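Chains as they are written, first to last, in our numbering: chain L, 610 to 926; chain E, 72 to 353.
Simulated from the structure, these hints should not be mistaken for laboratory data. None of these values were measured; they are calculated from a predicted model. Note that the Cβ used here is the ideal one computed from N, Cα and C, for glycine as well. You may find that some hints are simply not true.
[What the hints assert, rightly or not] Beta-carbon label-pair distances, calculated as ranges:
no.: 1; chain 1: L; residue 1: 674; chain 2: E; residue 2: 133; range: 26 to 36 Å
no.: 2; chain 1: L; residue 1: 723; chain 2: E; residue 2: 147; range: 37 to 47 Å
no.: 3; chain 1: E; residue 1: 191; chain 2: L; residue 2: 869; range: 30 to 40 Å
no.: 4; chain 1: L; residue 1: 659; chain 2: E; residue 2: 90; range: 22 to 32 Å
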Amino acid sequence: MKSIGKEEPILKRKKYRSEQKKDMISGYLYIAPFFIIFALIGLYPALFSIYLAFQKWNGLSPMTFNGLANFEMVLTDPLFWKSVYNTIVMGIMGTAPQLIVGLILAYLLNMAFLKLKGFFRVTIFMPYLTSMVAVALIFSVLFSNHESSLANYVLTHFFGLDPIAWAASEWGTKIAISLMVFWRWVGYNTIIYLAGIQSIPNDLYEAATVDGANRFQQLWYITIPMMKPFIILTVFTSTVGAMQLFSEPTVFLGADAFTRDEAMTIVMYLYRDAFRLQSFGTASATAIILLVIITIFAVINLRLTQGIGRKKRGVMK
Amino acid sequence: MSKQARKNRKKLSVGRISVYVFLLIASILSLFPFYWMFVMATRPSAAYNSIPPTLTPGNMLIENFKKVLNQIDFFGGMWNSFILCAVVTIVVLFISSLAGFAFAKFKFPGKNILFIAILVTMIIPPQLGLIPQYFLISKAGLLDTLPGVMILFFLNPLGIFLMRQYISGAVPDELIEASKLDGCSNFRIYWRIVLPIILPAFATLGIIVFTAVWGEFLWQFTVLRDPEMYTIQVALAQLSNTQHVDFGMILSGVFWATVPLLIIFLLFNRLFISSITEGSVK
């Protein structure tokens, strides 16, 4: 830096170059821990699963190659298709309302006049702090099969309906499990959306007000399009999460979890194959089929959520 | 005041009341299962199906908890869960903020592709590798140990995403340029300048990671088979596997396992909520 005259620009450029190089090295170095751990415990096991899916293996004796037999066994098993159906039904019932209600709650919590904001935010977020096991246990008592369990009491006394065997009927189990998923996650999504809403610069709304846009137009043309990254994030994570449902039904049904089929999910089917029946080949095949199913649903949902913003922009022009 | 303005005001106040009503109902629905869990934890097992429903606490709070202690190693489970979550949280905060800093502020070839690659790893279901992961941990002799559980949780793509978003908004480029001119190394910039600025985001991500790991079940259930090594989740799940299901006992266990976490949340909630809501994510 002490140099003077003509040398200065050259030195500066050199320094800039070496800075750039340093930044490059730092950049790679700082993201390396994730990739190293990922290679070891994420990527390698994932690839090994693919290998295992073509082997017959009980965990002890040597593996033997058996081609597509594992996939055939899984795909022709009615219980597998039941688990796919269960997962999708509970996924839709548990997550779609959750995201919509989360958006509404976040919108309301952001209103300028609102008092007690802190109180509402804390209480609405609190269910997320309960572990899935805890939620499933609480709901297993709330929604027990007994004719006068609290859920059945509400059904019979307030709605005049018949009591439901919540842990032993086709729709009873699905509704109870969807409700516990909804209850636990709605506050989490609300907080994410709230952060999104508050990241929208105020001058956008001011400009819109000057242009004469009403509240609803502002919501439709500013809030929702600006929230797109947050909506995409939550739709993505909850789709992936819904396809992986395991803890809630397992704990909710307790000892019956792996013998009943009303709430058996894909991951439960996989777990049962691997750790109850010692059939690691078919379990790995199931894992790969699960990946395909998750990818399909994630792509569909990404397309749908991406569509929101594009349509808006088109209208605005 | 013009007629129109008065009309608007009236309309608004009706709207305002319905906003409060809606939020109040949401709050009650959020809190009720907690309250009901507390009520059941203080009552004999039979209370769960009494008509009309039991809605006031009884006097069996300690008695039910003693039954829990006879059934599972409650405090051992809590301790194991705490150690697990504390270590994972610290490691994830470090890895995520460092990577988030790199993605937000450095230029290097392949940056965008690598960032997308991290997001794509989110789509890989943890169950895809579950079986090889189990055998990997088993081969490494880490079955029934906490490190065996931890290592999988160190992977947190969402953390990197959040940290990148936060750092690119909250840490001005000029500040980094200025520190570079002062001769600060990149790591020193991270440690001395970036870290203090992103502490609120640490609270957010920290709570998200801590609670997620605290509540995770499948992996802990798979790796921990020895009752002595159970985390609280695996231990709690055993409560409903007994011959005579005692609901008062089960919910007592859930209650005492949930309370410490709620206390931690209420202690940190100010930091947490301010970090998320006061324009932090820009």
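May I ask you to test the hint 30 to 40 Å on the CB atoms belonging to residue 191/E and residue 869/L?
holds (35 Å)
Indicate whether the distance between the beta carbons of residue 723/L and residue 147/E respects the range 37 to 47 Å.
holds (44 Å)
Given a hinted range of 26 to 36 Å, is it respected by the beta-carbon distance of residue 674/L and residue 133/E?
The hinted range 26 to 36 Å is violated for residue 674/L and residue 133/E, with Cβ atoms some 59 Å apart.
Residue 659/L paired with residue 90/E, Cβ distance criterion 22 to 32 Å:
Violated, at about 51 Å.
Violation of the numbered hints given earlier is confined to hints 1 and 4; the remaining hints are satisfied by the structure.
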